[in-house]
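Asker: Numbers given in my numbering equal positions in the sequence shown, counted from 1, plus 12.
It cannot be assumed that every hint is accurate.
Subject to a maximum C-alpha distance of 30 angstroms in a straight line, what follows is the list of computed DSSO-like cross-link-like pairs (lysine-lysine) [what the hints assert, rightly or not]:
(1) K247 x K268
(2) K132 x K111
(3) K434 x K52
(4) K52 x K132
(5) K127 x K111
(6) K52 x K127
(7) K111 x K268
Please keep in mind that the hints were generated in silico from the structure rather than gathered at the bench.
On a predicted model such as this, the values are computed, not experimentally measured, just so you know.
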Amino acid sequence: AQRVVYPAHIEPLVQFVEETPPDRIVAATHDKLAAGTSVKEMLLASGLAVVRSSDLPPGHHGGPLHPLAGLHAVRHIAARLPGEYAMLPVIQNVAVANKHIHSPAMGPFILADAKPVSEKDDVEATLQSFRYAVSRGVYNACDHYFLYLLERLSPMQVLEELLQVAIPKNQLDDHYFLFPVFTWRVLEYFGWEYARFIGRAPVRYITRPTDPTSLEEIDRLIDKHGLLERELRAKTGDDETAAITALADEIGRCSKFTEVPEMLAQALGDGVSLEGAGEGLSVGGSTLFLRSQTGNPMDVHINTGANTRRYLLRQPELSVRTKLRALLMWHTGPEVRMAQRMLAPDIQPEPERVAALPFHTQDELLGEIEQLIGRLPVGERLPAANLASWRSTDEVKQAAALAQQYADRAYAPEALITLLGKIACRDNFTEMHALKHHQATYEEFHATRPSLRWRHLVAAVQAAAISHGRIQDIYEHAAEVMHF
């Protein structure tokens, strides 16, 4: 077997990411960017390198998963941040890819060159063989079949097939669903010609052997409400504001996440559009995130899970059945369910806490939020307790209260978004989770009607406070190089 070789124009930069010593990667990446290497080229090289030279250990930490899943967020945040700050998310992504490539837990590894394999050069027969290989967890065969299907089907048709595997496995790990969807989003940016390289990582991940899963309960709910028996409204509009607000409030006030699918199905059955149901889930999800008292900076998938599902709902090539299944399975991810164990009984930030705050101008609030988060101790590493048991501090809830006053005063959202983007770029403890959450809440803010959208940015402030200060040595090194 020969290792996969990339197009000549990008191969040297890929080797730079693979071969630079980890203690040099921050300064060397900065120098490349400062000398004119584009963000797109650097991120493409980062993705190609971590796919080729880092293996995924059991679970979902390590290898290409989080470096690839973070690329969509990184490229957008880099485009929004001013001046040299734009380099920071790019440096963070290259650094985590390089770290995984050099980790003894994930290598040495070489992704071998692979050729498309079909059944008699027939798409339907190859799909049947792909599904059989999936049922047996034979991910190498799935890899070959995937390369053939890429040549015969559109990217969304291929994703539709992958989602038949990914959606039920969401019950086992949120990343079975998130990894392929985030990868498809960044391939829209890089170009689909790179799917034959980068797309292999999520295919090999989602098709490896796991415990059996089923969609029977969700399919019964779809049948109960007759959601496939008539044409569902696709697009939302101003006429749905009352219904979507009610749905978001119902989701945001629930204490058992298993109730959420019935809420969504009932709303769809009553005539709410698919996009409207996704919007209600997203706003309700941000409300649940704010009620959560978790201190685990990895617990961002309430928001990233809703955000990726809304992306799928916008895709005209995907079937309605797949969209419904994805939407109604949101609550099943283990990292979504974690929040249920730490929910405050009532809506947060508490109205009385917000009301007790003194008046602040916009600039005063931005400064207060930045200073409060900046004062949180830096360098806290994993304590003896499991991550899932971490609880948020009062400072985290105070930051959310300040953000709620910012929202109530209808101050400029972009100024707060820029501040939060800069804060997200400090983190390397979560390996892209802080950046993914920031981008998800940014997108959801802009995809949500004005009367509901601020829930997302208040949630973004809470998340920034939770993740800040765990480990940020990449940022500190970069700040020295860039003389911040």
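Asker: Holds or violated: K127 and K111, Cα atoms, limit 30 angstroms.
Answerer: holds, 29 angstroms
Asker: Given the hint that K52 pairs with K127, test it: the Cα-Cα distance must not exceed 30 angstroms.
Answerer: Roughly 27 angstroms between the alpha carbons, so the hint for K52 and K127 holds.
Asker: Please work out if K247 and K268 have their alpha carbons no farther apart than 30 angstroms.
Answerer: holds, 29 angstroms
Asker: Are K132 and K111 close enough, with their CA atoms no more than 30 angstroms apart?
Answerer: violated, 42 angstroms
Asker: Given the proposed pairing of K111 with K268, does the C-alpha separation stay at or below 30 angstroms?
Answerer: Given pair K111, K268 is violated - Cα atoms ~39 angstroms apart, limit 30 angstroms.
Asker: Does K52 lie within 30 angstroms of K434 when you go C-alpha to C-alpha?
Answerer: With a Cα-Cα distance of about 20 angstroms, the restraint between K434 and K52 holds, given a limit of 30 angstroms.
Asker: With a cut-off of 30 angstroms on the C-alpha distance, tell me whether K52 and K132 pass.
Answerer: violated, 38 angstroms
Comparing the model with each earlier hint shows violations of hints 2, 4, 7; every other hint is respected.
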